[in-house]
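Undergrad: So you can see what is in the structure, the chains are spelled out below.
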Amino acid sequence: MVSHSLALPMICFTTLWGLVGVVAPFLVPKGPNRGVIVTSLILTAVCCYLFWLVAILAQANPLFGPQLKNETIWYLRYFWE
Amino acid sequence: MSSLLRGEEMCLAQLFLQSGSAYDCISELGELGLAEFRDLNPSVNTFQRKHVNEIKKCEEMERILGYLLREIKKADISLPERDVNPVAPLPKHIMAIMEQLQRLEVELGEVTRNKEKLQKNLLELIEYTHMLHVTRSFVQRTCEREPLQVQYEEFPFLEKDTVMDYNSMQRLGAKLGFISGLIQRVKIEAFERMLWRVCKGYTILSYSEVEEYLEDPETGEPTKRMVFLISYWGDQIGQKVKKICDCYHCHLYPYPTSNDERNDVVEGLKTRIQDLHTVLHRTEDYLRQVSIKASESVYTWVIQVKKIKAIYYILNLCSFDVTNKCLIAEVWCPVNDIPTLRRALEDGSRKSGATVPSFVNRIPTSDTPPTLFRTNKFTSGFQNIVDAYGVGTYREVNPAPFTIITFPFLFAVMFGDLGHGLIMALFAFWMVLYENNRKLKNTRNEIWNTFFEGRYIILMMGLFSIYTGLIYNDCFSKSLNIFGSGWSVKAMFTAEVWKPEDLTGNKFLTLDPNITGVFKGPYPLGIDPIWNLASNRLTFLNSYKMKMSVILGVIHMSFGVILSTYNHLHFRKKYNLYLVFLPELLFLLCLFGYLVFMIFYKWLVFSAKDSRNAPSILIHFINMFLMQGDTVSPLYPGQAGLQVFLVVIAVLSVPVLLLGKPIYLYWVHNGSHRLGMYRGYERVRRNSEEELYLMRAHDMEEGSSHSDLSTSTEHKKEEFDFADEFLHQAIHTIEYCLGCVSNTASYLRLWALSLAHAQLSEVLWAMVMRVGLRTDTRIGVLFLVPVFGLFAVLTVSILLIMESLSAFLHALRLHWVEFQNKFYGLPVSKDILC
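Just so you know, the sequences run in chain order A and B. Per full-length UniProt numbering, residue 1 is the first one in the first sequence, and the count goes up by one each step. Per full-length UniProt numbering, residue 1 is the first one in the second sequence, and the count goes up by one each step.
FYI, nobody ran anything at the bench for these hints, they're computed from the structure. Don't take every hint at face value.
Per the computed footprint, the stretches of chain B lying under chain A, defined by three or more beta-carbons under 8 Å from a beta-carbon of chain A, are [unchecked claim]:
(1) 474-487
(2) 506-513
(3) 516-527
(4) 535-548
Cβ coordinates follow ideal geometry from the N, Cα and C atoms, glycine included.
Okay, chain B solo, but in the shape it has when bound (with noise of 0.2 Å):
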């Protein structure tokens, strides 16, 4: 328990490793994970360092394995699941893993490179059967609208039915040509537009749509095609036309010039296809073998080479020793892990074969060691909660074993309510039980990572909101009746207070405790059940919550202050006892204790007899500084006087508290200094007592100046360290005074989540549920079944994630602020031993 409560014992090692050996016991202490090591060349380069080049290694390695890992995750390939953490393989290993690497990332390249050519040819000859297809219609078209070729008689090859005749072209001296190809959809109109304006008549372009989406084969995108024929005659319009179509990005084709030589060709394009088609499903094939077998590996290569990069790292770290055959390093170690680390070395040893063994010994320094904390799967994730503020000091006491339950109890009872607890509890406990669940375990979602991180967080957090919603009986925002009401009803009506007609004619009527029957007693465990359905309600929950908050706020306070104790204690600073924790302790509680047992003196001491004169706790308590006695009538006799006492006393500890510190730590460097100039006087002249004291009084005359003129270095050195001092305990004493009274409002947020989570849920339960249960009719059975599911949505994300998120940020600002700033030191980024 010690090592959660303050942190191991650390102390500094040096490690002897021979050449030969040092791989290997690197190796064997990196799988134990319980050695930092040190610097010992900080002034070097990294790229001087002795091991650059392997390091530069396992980066190429590092960098083929990424790609690697990219091509299976493209190629859909389920990854093994196995857990694999192989040892890192030895210096000999490396050069056949690089080269392996290397020959399949240049496999893997080819036939990537391949099947993509490969498939762009595919696209383009499916474009091209294409528009063959589709020109084919136009010139069977054509030829169909006889009468509208008055105006094409310049050329006569529509006639014809499909051949283009180039004969009759040729007795008109021109040279028909003609350009297909496939333009996007989108593009058509503006590409029909400008031919018009470049052109001028002298070119027709025919055009249709492809049905089906193609494939574009330069970005694989499907697209709308469509497929165009441009009959122009003229070389110099030819020329404009080709860079029109350039311009518009259209993938032109040559155009079949009779119909038997588009026979040919579409016979051609068809068996080419298929042709196609096979080449690419078998290097499609290939590929996917070759990434299933690199699959198989890759997980373990990359933890092998990432620690073939640590072990390196850790090596250059190191220096040698003069003799240039043994490396020297330094590491922080538990005190009781060294057999251990000595029991590490000697398999390395061994495992290398080196005849002369490495050893450790251990070294005295008077470094502040880093903390470690030794947590088990439980206490892990509360570890990590507190280091997310701040790691401490080292041999601090650490908040953490107290965080396990304060922490979870704080949150629920801002979060109170049964259902919802129990939802959760279930929940955590769900992760619990499958927490070795590999696929639970390595999913690469954040948030889920975190959420699965923090399981016995959230179980913690479950159970005790279970506890708080039983108390304050809240399930789902109905409340439990176990043991029956206390108030009764039925004695309103026996004591004739009142009477039927009156429940006819006032629609709200108050219940009086004063008469006798109606209140019989406090309900015994939580609040009682017949408040959920008073409309007063919040008045008495409001009272009662924000007591409760104050109490519990003063409480967790002074507890973080009596924890300072135990630092006080830890690093034999006796005097903070005095000087610090008793001011600070005397302060919190003259003043805040004191309203905690006024609070509770006024629920036990007021009762409904007294309810026209029951005096507000807050009024007095303004008095009280004010000390102003005789406003309002005394709680209790004696209460003008035990105030004006506490008051005095929390007044009088705020200067202790202040000036005690610097002044006893001056007079401490100081003091010491004459008494050690006295002891030297008494030494040198132990003759006569006379003497002796003459000379004493002497030094009394003109000790200041002795004292000036010796040690006036020294004396330098103490002004600083006082006015230092005096500053820092100026600060502590102005923000733990001032921290008292806002941290103790602070504490009210507790009661302010808990209304707003049982409001939340009220209207949740009023506005969704209360209006399908209402529905009567037939339907209302069935109509209930969607409401339930809207109720049960809502309830989990408003109720469940988001108010239990709000409850945990607040519970966690709860502990890091108001608790540990009481005892915790200034958190030093001190790394922690992973």
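Bound-form chain A, shown alone (with noise of 0.2 Å):
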């Protein structure tokens, strides 16, 4: 099917939630409210870069391949190339 590369995706989520956790809390305005902000966007950062890196590594060297009926081959062999 089609051929993806683990470099591009890397990068651009990396930079994607390296903005948020790192570029946006200087961005934030002054004001009671700040800290919780900041707070909230390093974490938000880092719980969802984290859980993205661990999918596509889970999946970069599989150990074995996925099982498919027949019908579905078929299907798929015509319908998705």
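Please assemble the complex out of the two chains, which come individually in their own frames, going by the hints.
TA: Spelled out as structure tokens, the structure:
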């Protein structure tokens, strides 16, 4: 099917969550809630990035493949390529 | 932010209030809600306090208000919806409110009683009318039964058409009597049997049913009744019959002797019933008017009375000073709010027109102040769920600002469905948009209030669930194929591994990633959509989710341990950093951090080529503890040595954690005494170094006995502290080390619940929706509508409500137990200022 590289999504998502977690805290306006907002941004970035990272690393080197029904294989052969 | 991270800095202040303006000042302070009053008269009984009479009056007013509210609700009058927040009225107005309330109560009571009496009357009259109507048909009927009258020759009155002839009866010397009335239908047979047994045929009972349901005058319930007519002769029989009628709770009415009399009575009854109807109507109208007038101000009064009672309660807590002219009160209040407090006191003094102002003084104290967190509408929900476990001690680090994100995140890991998350987020968004709608805010429904209070929590949970649903690639149990799958079926055919005959021969075939072109790279956003079509989907997902749970758990717990450094540094117990925090962190990271490292290592290094001899991480982890490095091939060179090193560090950190702090504290308390003694000797004998040296040597030999004699009492105290401290630390060590293992396993519930959710979702699709979509007849289109309705109802009730409550509870438990016991102190029940 489609050939996916590991590097491109890694760069994209690292920059995305890096922006959210590292750059955005400096852009939060001063006010009574600044601390809470900064903490929330950092924690969100860490949690979401980690979750995505675990998902992609678990699939990067699969040890076994999916077991499909023969009808599904027939369908995929002609409709997904 | 420091306010939410640690809590406000609080101070103890003393208020001096002029007697005249005390009430107004406290009213102002109460409106602000900033101060917590301490009880300065703890030994005084509640009934001996100064303002006990006023409080009794307030409670009386509350009772009347409760009665009024009940009456208004009974009359179905809608109460005004304005947001009222009236200020507490002055003491001179309290009597006026009291009088008004008492008047209203008396009036309402009287009118209600009158109305009930009238209604009872009306029902009785209606029954009487029915009875007359029905018995007329008795008498007419009996006169038609001419042939059967042979038996009743003794009672020739039946021959004539409707007139009871007493004359013929008197010929027989007997007095004929009639009793008529109504009885409940269920009792009529028993009644008849009883009459027969007792009176043995000397009575005749005729009865007939009333078609309509009549309301019972006593209970007001509609019942079915029968009208009966008993004709008897003889006085004695009459008494017996009357007693039997009483026993069966019959309603007896006088029986008219002649037809004319009957007609007159009926006419009279008709007019009376009409009159009663009118009077009742008027009474109800008047009652309604009174209730409406009361309902306009009842809520205002309720709030005012509550405030008055609160003010007098607070006044009871204060004490008089020696000159008896001003009240002293002690309050806890935030340091930053002392100016606001001052201004409130000035306002109060001004309002009461006092010449001498009241003022506030800050006083030093060594008591622990209560904990206060300033929250807004967003953070208050999260603070509530943290406080539900226990309120932190003063100035301890507060888990709430971190819970704002980690709690919805852990919930979403367990809930993980794009479609369900979207519905949940939309529901919460609707609640947030309409949060100022009074009807939503002020309902009495407890369950709705719970959901409404947590609307921001639900919104965060929904948004995170959308993200995790995207990563799990699960939307109502179907996967989205945005980027194209990374697995190619065609490559299996081009590589000649599968031939077209294989498809017809085998039901299931497995793709092999070893063959070139089959696996083209990991799906960039989440789980590959091909896994949704695979029959061995759970094998892959279980391994992935279990490892993810352990990774998230170890990181969450490490974060908790690191947070404890805040506490150690703030409370100036730097030794805790080295003796408690460091061993804890080392223990956790050397064992479970290494496990996380192994997971990542296996993911990155082992691929399909080595799938035959891919190591099992669990086996390696167990072997690490047993120090058997050579039974399985190593993951990387030097693994055995590194593992031994890590295990040794972890094992060594346990005794440091166990003994370090008690021994250090013991040394601090005892060693400084010894130093003090030496210093004393130095001061006295500064002359000769040699002598000093000799003295010290002398002391060394006798040092122990000296310290025994002079510090014996303190020594005992140190002894006591040491044992206590050691026990405390031993418990902490055991709890922490065993907890590390059990808590890491506890995080596997993240895997378990997300699996349950995914399976439930799939079952619902396969058993409900697919059945509807597969009927391809014309009826199938119509059939799909109720099928979709059933699917929607089951999705909302089972998956959205039940599963989300379950995931909420488990995420909460993970926070309360696994995360918070790494740094949160033993929660003491201190008050929070509200």
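Undergrad: If any of the earlier hints don't hold here, list their numbers in rising order.
TA: The structure conflicts with no hint, since it agrees with every one listed earlier.
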